[in-house]
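Modelling step: build the complete structure from the supplied sequences, incorporating the hints.
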Amino acid sequence: MFLKVKNLTKRFGGLVAVDNFSMEVTRRQITGLIGPNGAGKTTVLNMLSGLYRPDGGSIVFEDREISGKRPFEIARMGVGRTFQNIRLFNELNVLENVKIAHGWRSRDNLLLTMIGGTRVSRAEKEITRKAEECLERLDLLRLKNEYPGNLPYGTQRRVEIARALGSDPKLLLLDEPAAGLNPNEVHELMATLRKLVEDLDISIVLIEHRMEIVLNLCEWIFVLDFGKKIAEGTPKQIRENPAVIAAYLGEESRDA
Amino acid sequence: MEYYTSVLMFGAISTIGTLGTFVLTGLTGLFSLGQAAFMAIGAYSAAMGVVRYNLPFAPAVILSVGIAVGLAYIIGYATLNLRQDYFALSTFGFGEAVRAVLTTSVQLTGGALGMTGIPKLTTGPLVVISLVVVVWLIRNVRVSRFGRECVALRLDETAAQAMGVDVFWRKMQVFMLGAALSAYAGALLAFYTSYAEPNMFGWMRSVEWIIMVFLGGRDSLTGALLGSFVLNTAPEVLRFASQMRTAIYCILILVTLNLRPRGLLGAWELSFSGIFGQRRSAVTRGGGSQHVS
Amino acid sequence: MIIQQLVNGFSVGAVYALIAVGFGLVFNVLKFSNFSHGSTMGISAYIAYLFAMKFHLSIVPTVSIGTIAGGICAVLVELIAFRPLRKRGGQIVYFFVTSITMLMLLENILVIFFGDTFYAFPKMIASTAITVAGVSISTLYLVMLGCSVCALALLSYWLKYTKMGVAIRAASCAINTCNLMGANVDAVISWTFFVAGLMAGLSGSLLGISYTLYPQIGQIVVKGFIASVVGGLGNLTGAVVGAILLGILEVFFIATIGAGLTPAATFAIMVLFLFLRPQGVAGTIVRDKA
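Chains as they are written, first to last, in my numbering: chain Y, 1 to 256; chain R, 1001 to 1293; chain B, 2001 to 2290.
Think of the hints as simulated: they come from the structure by calculation, not from any bench. Positions of the beta carbon are idealized from the N, C-alpha and C atoms, including for glycine. Some hints here could point you the wrong way.
[Stated by the list, open to error] Covered by chain B, according to a simulated footprint, are these stretches of chain R (three or more residues, beta-carbon under 8 Å):
| no. | region |
| --- | --- |
| 1 | 1133-1142 |
| 2 | 1208-1216 |
[What the hints assert, rightly or not] Covered stretches of chain R, going by a simulated chain B footprint (3 or more residues, C-beta under 8 Å):
| no. | region |
| --- | --- |
| 3 | 1075-1086 |
| 4 | 1245-1257 |
[Stated by the list, open to error] On the chain R side, residues computed to face chain B include the following (Cβ under 7 Å):
| no. | residue |
| --- | --- |
| 5 | Pro-1059 |
| 6 | Leu-1089 |
| 7 | Ser-1090 |
| 8 | Glu-1096 |
| 9 | Ala-1097 |
Take a look at the structure:
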């Protein structure tokens, strides 16, 4: 099994944000994680990427237990991610942003770097090459010298995906990648994600608020409400699931 | 003439220490209020090695740098996992602790009156070569992935972690590097002035270094170099205005922080390619523009 | 003997608490460590000294003048140094660097006007001691303790029950929301600095009267810094507890191992404490939402 999450639990004080959540993800699959506001979707993602330490349960990624490992270790094992509220490095340009994710692969150390020499500059060139490759994939290469703050919102989201690809992940975690995008951009994004799965042989787990995107894009969907899994299945199954409809209708009446 | 030479020597030695602050505070965003204490450790341990234990000059200096790095390792290990404020506080406490120990161990260090009779072994060429080498080393760090990762973790630690940057270890490395540079500068200073006293290394000195780095530009090695060299030498040169000079500098800095928050030079670097039109260096360009939100 | 030390430590700690609370107030609202708080202490102590010398004032008017001078000075510092920065939306580090620059600048201004020498206030408190149940407390410590406790009580009342006090507490939670809600952010911040400045002025003049006056007196602000960090940044009660602990610890160390090594011992305890209880005395920890 590629990714197997079992009985994952996270508490914040008295609040159980995620309650005994289990999921499985196979290779080359786009999986959706949906649910109303505050359902615990981002908390699941944060545990998968190591930002939160689970209070219970296990996360096995490619036969290795990763819960309790530190974020950078998990990233190096092949889990890349983006953030809900875009977290690009604003004082670094687009290319440098992506290069950050490549850095840990190069075989150098601080002392060698300080002395300098061809080995270091070769490593730097390799990092640049790979970063440009990632940018190319998302059609961002011409923007490589721009600063993220000057780019439109949708483009910033793409830069974040390019950065997440930086470390050659096998699993990509996307937290609301379509938030704030216009319909046109959403369409492009979906095409891009499908292409990424095909070209790079990766799996994607994405959080999305809007049903129509998830139903269109994902092969398998998990639905969370108040930290609990209330349903899982194919888009068709989810569309017809009464519990899901109730949760979403409940959400709409809560908003109103 | 001799007077100006010694002023320049002081400036160059302090600049070596300030460059440690450049990497630590400028690039990585860690505020250490105890950098001057590492300078004290460098000065005293090297001096004591030579004077009390008859070590030759070079091994004594290397040993003193080693001691500083070791202490930085211990303090960093205990505090770099914690919040930023704790790090600033701990380094402050460390600095005062070092000063207290130096002041009270009268038999070893001469106490508050200072340690005298240190042989004058620091020569002009040694200082110049040291400065050039240190600038070269730091420049290499700045343009490498290490420098980039330092900036990234300063901007967003969580995001840097998620991109595979070992934030804790990177901070440790930077802290140890800063300690090493301060200690080396301290050793050079002690063997230049033949004298060391605890009050030369108070926390306000660490604060001054931070200010110098911010004046020149926290992302710009050229700026930090310029800022620290000017601010380290000019006070001595402008002795006639001795009372006013600190006030003038402070006002200058306040104005700079307001008008050019990223420092006089921003992220601009004087690069070899810029002068000689040869190989392009990997230095960040265009960062000088004001796009800080 | 131990009770004696405790009482002395408590008095010293109470003055540290004044500093820590003033320091903490500004930290709560603007989220940076305001070292210029120290220069406010220094300047107001000197102003109190000038008035005391010129008009032969007794202790109450002297301390009052110092306190008010502190409030005014802090408001001016905010107006000159921090407000332009805030209007530009500068990052927090620049506030911090500005505050340490202000500390240096104002310290230097004191040197320009008064020279780098020590001054002593005219004698205001008889150096007697009051003996209660076998514990003798010097009048000086008693005055320090009394003033600090009163000031802290007044402050906590003000923060709880006045409109501006509540506004400041609201701003501590979310300054930007405060803006949206129509509160006058500039006024709230000015008031924060004013009240913090009053604390600085009071602590500065008390310290000046108790010990001596010198331009670097403002550097005692680091005691407030230590106390508020150890107390748990952002929590005023924690800061007070931290300050009193620090005061007691210092007095205790000075009595046992001497003044010389006290900073080293304090440092050791502090690091141990932070290692064992990284959330500080108050136990709140600020979490970064991913």
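Results of checking the hints against the structure:
Counting residues of the region 1133-1142 of chain R whose beta carbon lies closer than 8 Å to any beta carbon of chain B gives 0, which falls below the threshold of three, so the coverage claim is violated. Coverage of the region 1208-1216 of chain R by chain B holds [criterion: at least 3 residues with CB-CB distance below 8 Å; count 4]. Only residues whose beta carbon comes within less than 8 Å of a beta carbon in chain B count, and the region 1075-1086 of chain R has 7; three or more means the coverage holds. For the region 1245-1257 of chain R, the assignment as covered by chain B holds, since 7 residues bring a beta-carbon within under 8 Å of that chain's beta-carbons and 3 suffice.
Interface hint status for Pro-1059/R: violated, as the beta-carbon distance to the closest one in chain B is roughly 28 Å, over 7 Å. The closest approach between the C-beta of Leu-1089/R and any C-beta of chain B is roughly 5 Å, which is under the 7 Å cut-off, so the hint is satisfied. Here the hint on Ser-1090/R is kept, as its CB sits about 6 Å from the closest CB of chain B, short of 7 Å. The interface hint given for Glu-1096/R is met, as the beta carbon of that residue sits about 4 Å from the closest beta carbon of chain B, less than 7 Å.
At about 4 Å, the closest approach between the beta carbon of Ala-1097/R and any beta carbon in chain B falls short of 7 Å, and the interface hint on this residue holds.
Of the hints listed earlier, those the structure fails to meet are numbers 1, 5, in rising order.
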